[in-house]
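Enquirer: Residues per chain, in single letters:
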Amino acid sequence: MIELDPKIPTGPLEKKWQHFKEHAKLVNPANKRKFRVIVVGSGLAGASAAATLAEQGYNVDCFCFQDSPRRAHSIAAQGGINAAKNYQNDGDSVWRLFYDTLKGGDFRAREANVHRLAEVSRNIIDQCVAQGVPFAREYGGQLANRSFGGAQVSRTFYARGQTGQQLLLGAYASLSHQIKSGRVKMHTHSEMLDLVVVDGHAKGIIVRNLLTGELTRHAADTVMLATGGYSNLYYLSTNARGCNTTAIWRAYKRGALFANPCYTQIHPTCIPVAGDFQSKLTLMSESLRNDGRVWVPKKKGDQRAPQDIPEEERDYYLERKYPAYGNLAPRDISSRSAKEVCDEGRGVGPGGLGVYLDFKDAIARLGKKGVEERYGNLFEMYENITGENAYERPMRIFPALHYTMGGLWVDYHLMSNLPGLYVLGEANFSDHGANRLGASALMQGLADGYFIVPYTLGEYLSTQFGNKVTTDSPEFEEAEAAVRGRMNRLLEVRGTVSSEQFHRELGTLLWEKCGMARSRESLLEALTEIPKIRERFWNEVGVPGTGSSFNQALEAAGRVADFFELGELLCRDALTREESCGGHFRVEYQLPDGEALRNDDQFNCVHAWQYQGEGKEPTLIKEPLNYEFVHPATRNYKH
Amino acid sequence: MNFHLRIWRQDHEKVKGFFEEIEAVNIPADASFLEMLDMVNNRLIEKQKVPVAFESDCREGICGTCSMVINGIPQGPGRGAACQVYMRSFCDGETITVEPYRAASFPIIKDLVTNRKAYDRIVQAGGFISEHTGGAPDASATLIGKHEADRAMDAAACIGCGACAAACPNSSAMLFVGAKVTHLALLPQGQPERKERALNMVRAMDEEGFGNCSNYYACEAVCPANISASVIATLNREYVAAACRSVAE
Amino acid sequence: MSSLHCFFNSSIGRKWIVSITGLALIGFITVHLLGNLSIFLGPDAVNGYAANLHHLGKLLWIARLGLIAAAVLHIYFTMLLWRENRQAHPQKYAVKQTLETTLYARTMRLSGLVVFGFVLFHLAQFTWEWVNPESKEWMDAAGRHDVYRMLVSGFSNPWVAGFYLLSVGFLALHLSHGIASLFQTLGLTSEKLRPRFECAGKIVAWTFFLGYASIPVSVFLKLLSN
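Chains as they are written, first to last, in my numbering: chain A, 1 to 639; chain B, 640 to 888; chain C, 889 to 1114.
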């Protein structure tokens, strides 16, 4: 069994990163030109890494399955990006951001990683402003901030409700600059379908050109995966339709460890499901909770219109249960509370699956114009989707799958256990523990790409002189044949059920059995059900067309096939983690008041899973989390 | 609800396309237009027929991947992208015509999917600020008035979907280029490369074969991101000023 | 490629030429209208105006050459842009939508062509005087060319007057889009100003129409007669 070495530098917490940077091995400029780096994914992490590494002088090949790097799903992040700038003079500091993030993650992340994230958060804002990201400003010209869930300071920078878009377009602009300069070769409409491992090192990928169906081999000195999370496993999520697990799943099957797959985040403020035709859920930025008040009727099954329910018959349950944080309680807590009140039969809207988010008081305080100024586009979006005007009646919201904290295991250098394989952004497991705070995903993606991997890459590459591989090696041969085999298998089923229908079935099962609340029974049920659906999938799926042309049905089927396998691993991980923490809530482990009951004695560790081969159970490898500087407390957002 | 669809089918750029008549039956009014197409495709797969190719990703109107033309309107009726069109805005039994973007610079890949890489190449020609990671001064060092920041944000909101060029009777990309040039010209960080940016992006736009702006404002009418055609005026001004300076120098 | 060459080969550069030449032509029709309106001050005024114009000699020819150059460039570059636009958008949509585009904007080429055809006829009639060659001989009491009589008798022909009215109508159509459009192309508009330019452009355009139309209409109503 492998020993996991997180490679955390020694020394005091606040000096670790500085110390690392000062002593990290470097590759001199002339030698950088000799190295080729593959970056898969062009979201915040991928684009920022590709642009920065190219700037440093490396040759970069960047791949994305979309038609343009600007489409990556980072673009849809609405609310903002955290940084410990303390521009508001409200007592913020690197330590506070570090502690809030660690605590928000229910003390299931590495101290050193999270502290580094908080440190570089400040550079990210500088970098983005220099790129021309039009962050919101005060009248005097200073940067504006807003508050966000899980924090008592205002440290979130934002660009209207389109912060992710503006940050991604900033990274995309830098990437475009490097593409023009010739140091990045951009491969769009290119999906990575396998990782090539040569002598235990990640040295290349197999890619399908989605327009022509052609399979190509790409060799490099190192491979970086920045391919995002796997929320789409649940079919309905706030992720884009194309988001998938294929890249990291292939890497897992080639030996990379998959860490904490059961840490999934349910976002509390999404537009509720309207029917079984629905293809995705739309998130309403969490920033809405700054001014909106969450409530449900006190009475069960109250069918009155919201405006007819008098104040004393409303239950502002977040304010009641968590007076200190109120409507700004962390995501997992808000989501679970919503589920609780709906389970009690007090939910609103179709099927009783929704709670109100009311802006009446905000409109009284700020005026309709003031609310419009802050959230106008969100209100418009809500009205477009639901046909309801949220200025006149409260919004209906419900939790939805949004982010996955789990991902490929990486060390402090962001390198997986497979040497040469780096994993950035949401695709890795590293910084958010069991729950991510709002406005921290953008921070982590950009931190990884702009400020971390460019420093840590030298450690690996400086050992790789003379280790060039070529694409005619047997490893590439084998990987390409495997990809072709899988594709042909899908095409040869010739069934009549679309992969989307199987995907929906898998997602519904997981949402019920392994969603906001999990139990041993439900997880065991899921583990018996998933293989059954998967078997039907492989016998009945319909993939018309051929593999050698533009074929969206084939793309989708390949991704769904991987989701089935990941679904099993996720349930297995959830079953093994016999505690409740962050986004992982096991009903057996809760306090009398329904709060999560962590078990630090047994589970203060990372669960990393190692693939053992088709049909065999994966092996669990544990990386203990050593808390040297903070004491993991029970999260308490009540006081 | 039931609909009679006329959908453009074309295997690839080199072959002739045609309209296929497809019935979409039992469609919930709350389904989005793309969800309706998903249902149509699932039924085609049931009959082992090739589903209609169309692109979409975020399905919340921000990624710009959608690119279809519904009843002659790029990105469909109403504000927002095609993914934000809901079936309740159509009449039961209505005939709906769905086509790909028609512009020489956006060649058809398959059915409703077009190649919009021309926009990426225009950005590569100058739609950026050359800035080195790590070398940036403190973000608060430069003050930017709220008004300027807001106007820059208005222009920066472009989602790069291509509807502007698709709607333009001349297939002009001026709204797209104007939005980027305006965004960066309004900010102090964009000043050093302001002149070169305007010249290079316009040159790239012309080389890609986009048409010329006749001030029809169809682009503004369909833009899912509400970009104002005033960015075109700004682009004209920026370009002529840059050209005059480069002639003088 | 030199910077200048680049500019004139660029889409914006060419549109800029169309705007500037358009502006020059608007200048001409303004002066021309003001001169023509002197007909309402009686034969003496308009004949004097015409005679003074002819006394300008070289200056008149410089103005004429400038005008011809502006017209030629205006038409040439419009045609060039039009050809490029057709290449850029070779296939139309199956369902036609006008999408905000005004009737004026969509008929720019038609209205331009009608105006161009009219200008040729107008020159033939009143400058070269091919339509009524005998009018060359008409002199007023002061021995000046009797422009007044030429105009009134010319517009007494209902066909001529009708064609004239139709053409200045098309001119107004052309300018209804053209005036606001040229400010946009010259980059002088903003989100706030554009609707104002558009409104003002239409007012100016139809003011031209009223001004020009007033002469044949007055002849028809016998307000002006020989």
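Check before you lean on any hint, since a few could be wrong.
Some residues of chain A that are not near chain B, with every Cβ distance over 12 Å (derived) [what the hints assert, rightly or not]: (1) A24; (2) A49; (3) A76; (4) R160; (5) H201; (6) K280; (7) G466; (8) E480; (9) P531; (10) E535; (11) L620; (12) K622.
Result set (DSS-like, lysine-lysine): computed pairs, CA atoms no more than 30 Å apart in a straight line [as the list claims (entries may be wrong)]: (13) B:K686 to A:K532; (14) C:K984 to B:K655; (15) A:K185 to B:K756; (16) B:K686 to A:K180; (17) B:K756 to C:K984; (18) C:K1080 to B:K785; (19) A:K622 to A:K7.
Derived from the structure by calculation, the hints contain no laboratory data. The beta-carbon is built from N, C-alpha and C at its ideal position, and this holds for glycine as well.
Enquirer: Taking the shortest Cβ-to-Cβ distance between A:A76 and chain B, state whether it exceeds 12 Å.
Expert: Non-interface label fails for A:A76: nearest chain B Cβ at 5 Å, not farther than 12 Å.
Enquirer: Between B:K686 and A:K532, is the straight-line Cα distance small enough, at 30 Å or below?
Expert: Measuring from Cα to Cα gives roughly 24 Å; hence the hint holds.
Enquirer: If I take the minimum Cβ distance from A:P531 to any residue of chain B, is it greater than 12 Å?
Expert: holds, 23 Å
Enquirer: Checking a non-interface call: every C-beta of chain B should be farther than 12 Å from the C-beta of A:A49. Is that right?
Expert: Its Cβ does come within 12 Å of chain B, the nearest being 10 Å, so this is violated.
Enquirer: Please verify that the nearest CB of chain B lies beyond 12 Å from A:L620's CB.
Expert: holds, 35 Å
Enquirer: Checking one constraint from the list: CA of C:K1080 to CA of B:K785, max 30 Å. Satisfied?
Expert: holds, 18 Å
Enquirer: Closest CB-CB distance from A:R160 to chain B, is it above 12 Å?
Expert: It is violated; A:R160 is separated from chain B by about 6 Å at its closest Cβ, not greater than 12 Å.
Enquirer: Non-interface claim for A:E480: all C-beta distances to chain B beyond 12 Å?
Expert: Nearest chain B Cβ is 24 Å from A:E480, so the label holds.
Enquirer: Could you check that no beta carbon of chain B comes within 12 Å of the beta carbon of A:K280?
Expert: violated, 5 Å
Enquirer: At 12 Å, judged by beta carbons, does A:E535 keep clear of chain B as stated?
Expert: holds, 19 Å
Enquirer: For the pair supplied as a hint, A:K185 and B:K756, confirm whether the alpha-carbon distance does not exceed 30 Å.
Expert: Holds: A:K185 and B:K756 sit about 14 Å apart, inside 30 Å.
Enquirer: Under the criterion that the straight-line Cα-Cα distance not exceed 30 Å, is the pair B:K686, A:K180 satisfied?
Expert: violated, 46 Å
Going down the numbered hints, you'll see the structure goes against 2, 3, 4, 6, 16, while the others check out.
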